[in-house]
Amino acid sequence: MSAITTDAPQSTLSRIIAAGTHQRVLAFASLIVLLIGFSVASPNFMQTSNMLAILQATSVNGVLAIAVTLVIITGGIDLSVGTMMTFCAVITGVVLTYAGLPLMFGVIAAVLTGALCGACSGTFVAKMAIPPFIATLGMMLILKGLSLVISGTRPIYFNDTPGFSEISRGSLIGEIIPSVPIPNGVLILFIVAAVTAYILNRTVLGRYCFALGSNEESVRLSGVNTDRWKIAIYALAGSIVGIAGLLIASRLNSAQPALGLGYELEAIAAVVIGGTSLSGGRGSILGSLIGALIMAVLTNGLRVLSVAQEWQTVVTGAIIILAVYADMMRRNKTT
Amino acid sequence: MLSRRTLVGALSASIALASAPAANAQEKIYIPLISKGFQHQFWQAVKSGADQAAEEFGVRITFEGPDNETMVDRQIDMLAAALANKPAAIGFAALDSQAAIPLLRQASEAGIPIIAFDSGVDSDIPMSTATTDNVAAAALAADKMAEFLGGTGTVAVVAHDQTSRTGIDRRDGFLNQIASEYPNIEVVSVQYGAGDQLQSTEVAKAILTANPGLGGMFGTNEGSAIGIVNAVREMGSVGVTIIGYDSGKAQTDAIREGLMAGAITQNPVGIGYETVKAAIAAMNGETLPAIIDTGFYYYDQSNIDNAEIQAVLYD
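Chains as they are written, first to last, in this note's numbering: chain A, 43 to 377; chain B, 131 to 445.
Calculated directly from the structure, the hints in this document are not laboratory data. Every residue gets a Cβ at the ideal spot worked out from N, C-alpha and C, and that includes glycine. There is no bait here: all hints are sound.
For the chain A half of the interface with chain B, some residues (derived, Cβ under 8 Å), not all of them:
id, residue
1, N92
2, Y199
3, R293
4, L294
5, A300
For reference, chain B alone in the conformation it holds in the complex (with noise of 0.2 Å):
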């Protein structure tokens, strides 16, 4: 009777066992990634930039993330297995800074590198930051606009949110280059719509029924810029300047139909790589620039079945 109960513990540990060989038999550099997500198509993506780079510089990587960005406290139990390990550096994409600072002060006291990569720790116990320059690209996204525009005009901007570093950085980034560099292009609203489409469906329905004769229209992720052709087909209005941010399958068709006029893309397979290499210069006591710029690219009909572009696009 015990023998059936202990089957069960039997057969998790022969698991264990049959996997050992495979993590013990290389002696090679260990360097746990853990993100914020896992499953997205967006975090598969930095997971192939980093197995690129592992293999690339004969690192052995794990990718390890929460099932989705509410699970905090599950983000720091990863992190503490991961410490387990004895790593020789780590890369970190933050959920709350705030909550997992003693493990990462623990980490860096015990002389173990840490990278940041996606959204960064508020906090100086990163050595870098590999993340999407998020302010020049939505000033990037501005230029494209005012391209479109003739240098004039009205616009308007749906935004996810007001709080989250990358929804401050992307409405920002936006609106200082219009203001700085284009005077005679007036942005007539700025609204939220928290990255949900069908939210942002109806505050860019909103902003449409307010203005009429809107010149463009800036979404600054996915949600958003999906909302916004949305209320753009539904309400059937003609003459709007689109500009997306992200990829996914709406928002490439949208480009693809003409709907969208083109879109921002960051580069998730060179956040993963760079954190990775990043992590590596780090452990071998280089100095590294405080924030690694992974770059982005602007997309739309003309480029978008490009190698350079596909690579980074998801659907």
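Here chain A stands alone, though its shape is the one from the complex (with noise of 0.2 Å):
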């Protein structure tokens, strides 16, 4: 395992970032075309208010796609984020409103039930050798299920837990800088993709990652006990969405339990959007959150037009296609 570490993926490690870097600078492109364009179109776009309902819109999505991305990037998929989020909720607000524990407990507990989520699909993964696709769907309603029989199928409120809608709604920037209150929920959606970027680039879990999803065979070949840090990827994953888990339960001041399924998808979305590949090996924290902005952007974008709601639904649909081919198009030029 130490043979690895050293030297060996040093060289591929910088030509991924070198390629990922191009990318995020194509992805950061159109986003802000797409806001010059809405702001060209609609007086009401570029708001104070309106930016912030962008961002608030995006913490979410954007925490979701970031844990999605690391699966991705191993070469698997993960289906389950939608409805562990809603586990996560929920297991929290057993936590804090019918255990009546104080708000610190709540947080650990999201946490670790999205690590403990996570472990389990990337056990099923990695040692049962159940494809991710399948293992991350049965996951998807296994805890769908189960986030519906512990809650009764009736949201749970926080009203007893002083200081937990603070979580995502409050505004630290704003008590500093008045002028700019940026909701708390985008402040922890920026910290997770800084620290989960530095865990990927700086790190051996993150160098396994890619090495994962561009050869394992290799890799295992080369003695790394592949199974073990596939799991512990889908674990990080899972804590992540755990803090997902936390921001939409603070938004709504509740755990709804029904909700969650689609919101794997548009997670998935955002990560290709953002230019990161399907098939494993190539990806990058950065490109997924402005994936998850230019959602945000054309969802609000769209809305604030008036755009029938029908209408908006195809132009998202196409501007996916577009995005992945306009990638695939541009890599092809360069291989």
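Two chains, two frames, a set of hints: combine them into the complex.
Here it is as structure tokens:
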């Protein structure tokens, strides 16, 4: 294991970062174009309150996209993130509202629950060799069902936990600089993005994440316990999903047990728009963050322009296909 | 290379620009309606009522709702986007009152009147709520049931749930009317089928098995009513008077066949219409009643094809 960590992936790593940078510039450019386009189209789009609404809308999907990015880079997929997020929120509700424990325990419970669920998915994939699509599809349904069972199909409210809604709705930045009341949920999104990007690009875990996605067999043949690393990556992704669970629960001041289905696809869409390859081995956290922002800007912008809802859906679908196509064309030219 | 990628953005921006003139050309009063749903027939009927009022009063409306009734956060994002357009008033049907209150408060502080519709909002922020008087509608169902039974016999209720406002109001509206007006009718069972057709079928079959000679059954929404119809059909029970709620093809078919005696229908078109009308009144500073009853009808074989009834039924 130590042989690999010394020098071998160093050159591949730098190539990956270089490729990623290029991709991010492109994604970032389309984000800017969208922002300018909508601003020109509607005077109501570029307002502080609307920008904050977009950021707030990005926070949950952004955190989910970051979690899925990790799994996708290993060459896997995680369909369970939406319902896992709900499950973590419900467990937080049990800890805070039913058991009446202090806020900190709720936060820890959410992250641990996520990590545990992630570790389960990882074990199914690594040890039992179930394809990630199937393993996480199973987890998606298991967690959806468990959320309904535990909550008795009713929302769990957090009215008895002072400060809980501040996790997402409050604004620490706004207390320092009152003119930009960026909600804490957005702050948390950026912190999660920064920490995950660091783990992915600067630690052994991150290096194995890319290596597993590029060529799992050769990593295994060089004596690495790939199963263990894979489980660790799924667990890390799970704990990030736990944070998303906290964010959505705090934003709604309640754990909504039926929510969650469909959110995994939006997270995957954000990842793909951000230039992460679904075949694994390549991707970036910043890209996924920008992908999530593009989705939120697009949705909000079309709404502000009062585009009929049917057409909003059509446009969003078309953008996803165009984004991936443009990315593929670019890659074909470079290789 | 860069241009390929920006193409994506440019395309969406041009879509944005293309649709912009439509949004800005007419300086009409703008009233967004944020609904609980969008693609169900019921909500499309609400939308058509709102469109009708918009045309009549010369205002511009938009009608949006999340893909399903679990997406509480998506509904809040819709509300946030609607606020960005500085609307004159807002129509809102809350999926979860609590989650929406911070934004609703923000709107009301900005002087934007809010009209709740369908199920309302548990708060004093909305100036009025346009909704069906479910208690009165269910009481009418009880009256019709008593008429069929000749004022004596046994009845059972299959309700959709015991927690939602509509579930509670329809159940209690029916039960209270029976208790106060028809002392010789006995309610033998009230059970819940989650509004799910299959689950309601099982519940209704259990009731029929446990109560031979049952005189009548009331289903509190579309799924519950269809469940009762299925149960009677599967068990071949005779002599059970069925009264349903809302419409939908299975229910209207059962009424045409004579298997179901009749049903209560809400007036979704009226809900949409009254919401927009109330929003305009609120905007002009008129005082509004706390509840605007949008009406309901009882329909059966005799009047199902009347224009008035057909206008509020959906398949």
